[in-house]
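Asks: The chain contents come next:
2 protein chains.
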Amino acid sequence: MYLSAHGNDVAVMDNFAKRRWEVELNVEPLIPIHTLHDRVQVWKEVTGHAIELFVGDLRDYGAVRNAFESFRPQAVVHYGEQPSAPYSMIDHNRAVFTQVNNLTGTLNVLWVMRECASQSHLVKLGTMGEYGTPNIDIEEGFIEIEYKGRKDVLPYPKQPGSFYHLSKVHDSHNILFACRAWKLRSTDLNQGVVYGIETDETRLDERLTTSFHYDEVFGTALNRFCVQAVIGMPLTVYGRGGQTRGFLNIRDTLRCVELAILNPPQAGEFRVFNQFTETFNVLQLAEMVQQEGSKLGFDVQVQHLPNPRVEAEQHYYNPTHRKLIDLGLTPHLLSDVLLDSMLRAIRDYAPRVKKDIIMPRVRWDGRREEGEDRKLAWAAPRVSGD
Amino acid sequence: MYLSAHGNDVAVMDNFAKRRWEVELNVEPLIPIHTLHDRVQVWKEVTGHAIELFVGDLRDYGAVRNAFESFRPQAVVHYGEQPSAPYSMIDHNRAVFTQVNNLTGTLNVLWVMRECASQSHLVKLGTMGEYGTPNIDIEEGFIEIEYKGRKDVLPYPKQPGSFYHLSKVHDSHNILFACRAWKLRSTDLNQGVVYGIETDETRLDERLTTSFHYDEVFGTALNRFCVQAVIGMPLTVYGRGGQTRGFLNIRDTLRCVELAILNPPQAGEFRVFNQFTETFNVLQLAEMVQQEGSKLGFDVQVQHLPNPRVEAEQHYYNPTHRKLIDLGLTPHLLSDVLLDSMLRAIRDYAPRVKKDIIMPRVRWDGRREEGEDRKLAWAAPRVSGD
Numbered sequence: 000m001y002l003s004a005h006g007n008d009v010a011v012m013d014n015f016a017k018r019r020w021e022v023e024l025n026v027e028p029l030i031p032i033h034t035l036h037d038r039v040q041v042w043k044e045v046t047g048h049a050i051e052l053f054v055g056d057l058r059d060y061g062a063v064r065n066a067f068e069s070f071r072p073q074a075v076v077h078y079g080e081q082p083s084a085p086y087s088m089i090d091h092n093r094a095v096f097t098q099v100n101n102l103t104g105t106l107n108v109l110w111v112m113r114e115c116a117s118q119s120h121l122v123k124l125g126t127m128g129e130y131g132t133p134n135i136d137i138e139e140g141f142i143e144i145e146y147k148g149r150k151d152v153l154p155y156p157k158q159p160g161s162f163y164h165l166s167k168v169h170d171s172h173n174i175l176f177a178c179r180a181w182k183l184r185s186t187d188l189n190q191g192v193v194y195g196i197e198t199d200e201t202r203l204d205e206r207l208t209t210s211f212h213y214d215e216v217f218g219t220a221l222n223r224f225c226v227q228a229v230i231g232m233p234l235t236v237y238g239r240g241g242q243t244r245g246f247l248n249i250r251d252t253l254r255c256v257e258l259a260i261l262n263p264p265q266a267g268e269f270r271v272f273n274q275f276t277e278t279f280n281v282l283q284l285a286e287m288v289q290q291e292g293s294k295l296g297f298d299v300q301v302q303h304l305p306n307p308r309v310e311a312e313q314h315y316y317n318p319t320h321r322k323l324i325d326l327g328l329t330p331h332l333l334s335d336v337l338l339d340s341m342l343r344a345i346r347d348y349a350p351r352v353k354k355d356i357i358m359p360r361v362r363w364d365g366r367r368e369e370g371e372d373r374k375l376a377w378a379a380p381r382v383s384g385d
Numbered sequence: 000m001y002l003s004a005h006g007n008d009v010a011v012m013d014n015f016a017k018r019r020w021e022v023e024l025n026v027e028p029l030i031p032i033h034t035l036h037d038r039v040q041v042w043k044e045v046t047g048h049a050i051e052l053f054v055g056d057l058r059d060y061g062a063v064r065n066a067f068e069s070f071r072p073q074a075v076v077h078y079g080e081q082p083s084a085p086y087s088m089i090d091h092n093r094a095v096f097t098q099v100n101n102l103t104g105t106l107n108v109l110w111v112m113r114e115c116a117s118q119s120h121l122v123k124l125g126t127m128g129e130y131g132t133p134n135i136d137i138e139e140g141f142i143e144i145e146y147k148g149r150k151d152v153l154p155y156p157k158q159p160g161s162f163y164h165l166s167k168v169h170d171s172h173n174i175l176f177a178c179r180a181w182k183l184r185s186t187d188l189n190q191g192v193v194y195g196i197e198t199d200e201t202r203l204d205e206r207l208t209t210s211f212h213y214d215e216v217f218g219t220a221l222n223r224f225c226v227q228a229v230i231g232m233p234l235t236v237y238g239r240g241g242q243t244r245g246f247l248n249i250r251d252t253l254r255c256v257e258l259a260i261l262n263p264p265q266a267g268e269f270r271v272f273n274q275f276t277e278t279f280n281v282l283q284l285a286e287m288v289q290q291e292g293s294k295l296g297f298d299v300q301v302q303h304l305p306n307p308r309v310e311a312e313q314h315y316y317n318p319t320h321r322k323l324i325d326l327g328l329t330p331h332l333l334s335d336v337l338l339d340s341m342l343r344a345i346r347d348y349a350p351r352v353k354k355d356i357i358m359p360r361v362r363w364d365g366r367r368e369e370g371e372d373r374k375l376a377w378a379a380p381r382v383s384g385d
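So the sequence lines, in the order shown, correspond to chains E and A. According to numbering that gives the first Met the number 0, the first sequence is numbered sequentially starting from 0. According to numbering that gives the first Met the number 0, the second sequence is numbered sequentially starting from 0.
Keep in mind the hints are simulated off the structure, nothing from the lab. In this text, all values refer to a predicted model and were calculated from it rather than measured experimentally. Certain hints may be false.
When chains are identical, the list treats them as one kind, so a pair holds in a single copy or across two.
Below, simulated DMTMM-like cross-link-like pairs (lysine to aspartate or glutamate); rule was C-alpha separation at most 25 Å, straight line [unchecked claim]:
id: 1; residue 1: Lys-182; residue 2: Asp-364
id: 2; residue 1: Lys-150; residue 2: Glu-139
id: 3; residue 1: Lys-147; residue 2: Asp-325
id: 4; residue 1: Lys-322; residue 2: Glu-277
id: 5; residue 1: Lys-150; residue 2: Glu-312
I would like the entire structure built from these sequences, with the hints used as guidance.
Replies: So this is what it looks like as structure tokens:
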């Protein structure tokens, strides 16, 4: 919608897979989402702009190729992946699915570009989680290493923390190779944690609402904390809460994609932008939500849970994020006003909140609470003799 | 066979996939290979040692789990992947297949280990090709980086040169994560290019012969050069021939696996051994074969072909390979005697050589010679409207 509103001819391709994952886990976005067909229609009514819709699966090479040959894109924004770390850690099925789904889709796009769209620009959604938390500064994709008297600029070493994050690392390696071997051009957006509910486009009509998740699997930390504050559930900080990450407002994510498209790389170039605007640790976020929630009359407690993930809870973290700023990004920083508006928007939908999908059940170490294997819809499938 | 002969109880699992790839490409090993069932039987007759056979596919989680629960291995030697770089570059189908096949199998092994064999040791076949040819020294899996006044030991940056090599990089990242998250233990053997025809075990009975490939897809450089020398075809050096790689004798590969098994890592440890004994560039190998071939009366020419791959033809290359030596590896270095014996063995089977499967047809840049798309069994499948 943002790209369409800003003067581009846009087509979208979707296989509606996320709706099935939501059904599997019995979760749903806070605000009801209309079908994609209906949203395309509403967008046309409200703005006059047409968005072409391809219903298809990126794992289907023929579907990808037909879409490229029909629409002939100058740029391809690739958001079509399983996006949740906890989902990828539920069981072996979801781990394998996440990697096969994400890698196959990206490989098909690369091969189709090679065969019929070699001048197109692939804008790929990556994640800051690819880097992990090394004890040295994080650069944007590549690092100059001086070692035993010699130098080279090499891909930044990656230490991803889930099978989902691993899939993004695999994608990055595949795309880098395709750019080198086939002279394709690509921008990898290593995105931080996104927060926020609305954009200029979703505000045009309530039927244009985008997904806002607060559950343990698809929800992100700040969004989840805001929902917990509104419904009177303690904010669940995993472990000590010293985990520091890059964050950005949902509005900035759209501008970043636009900036990448407006400033394409050279043929053969694979470039990486670290796409976040501020860093916070989890406990800081909880305390900010606690403070703003109190102003609105909510009684907000903070609870430290045993960390379901395997991650450092106190660590050095100093990632660079210059390239998008240099291209003209003006960040919407996290503010009291933004938190206040998020909390008010969530309050309108508070009766829809499903409380039992917020607490973490997916554990990285694979252990389950007594009886959970039988209770959980997503428990590991049984093997005969198991 | 080597592990069985050295006092271990051994089981093997196979899905016979390579035989189908050979049929696809109309290639075959130089010396006829008996069925695995027959070889297990012959091994029992000749040595008295039983090897248990599981027929199954690593992509089948249930099959992997059943094999683990039945055999309960102390160590798992994972050779079960699509092993050819050119195969992975033929077309999008083979690229996707290679990565999905290789990743799924390894992920299934890791999940099964987590669920029912967490003390077992995964010995995984990787490749020196994961590193590419950086302008700094190559370490064994990890490198201490000093950067802007801070230090960390991080995974060595990888620059793989084909979708096959990429699949091995992806595996390495997945296994490292599984060791860290689940306290599994694994050794990644980053193996160089293997040469040689026979081992102590294959010499016991001709029905125990192992695969010796000389074709463009499954053959390796030195083996292919020896076959070309014997049949009077010029040795085909790709490009200038300055491509330097690590090499090792097939006998040493077996000892390396044994050394890894005899010296297992700690729980949670992911270690990497660079498994090669010498480095040569391609032109050096050709000249050595030319020299030894001449002694046997073969007229050996060297021909430089346009390089079908995307790779540096002159580059710095200084990879470490200390860890296996420290554990007791005594290398069988490449010698005149070894080359002489290889050439003589090949001469016995010269009438079986298929000359039309040696020249490179798979090109990394995707271009095809006029008419090849129609001629080649492995040409890219057509999409309607293409």
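Asks: With reference to the structure, classify each hint as holding or not holding.
Replies: Here is what the structure says about each hint:
For the homomeric pair Lys-182 and Asp-364, the shortest alpha-carbon distance between copies (9 Å) is at most 25 Å, but the shortest distance inside one copy (41 Å) is not. Within a single copy, Lys-150 and Glu-139 get their C-alpha atoms as close as 18 Å, and across copies as close as 18 Å, so both meet the 25 Å cut-off. Taking the shortest Cα distances, Lys-147 and Asp-325 sit within 25 Å of each other only across copies (22 Å), while inside one copy they are farther apart (33 Å). Only within a single protomer do Lys-322 and Glu-277 lie at most 25 Å apart by alpha-carbon distance; the minimum there is 14 Å, versus 43 Å between protomers.
Within a single copy, Lys-150 and Glu-312 get their C-alpha atoms only as close as 33 Å, which misses the 25 Å cut-off; across copies the closest is 19 Å, which meets it.
Hint violations for this structure: none, all hints satisfied.
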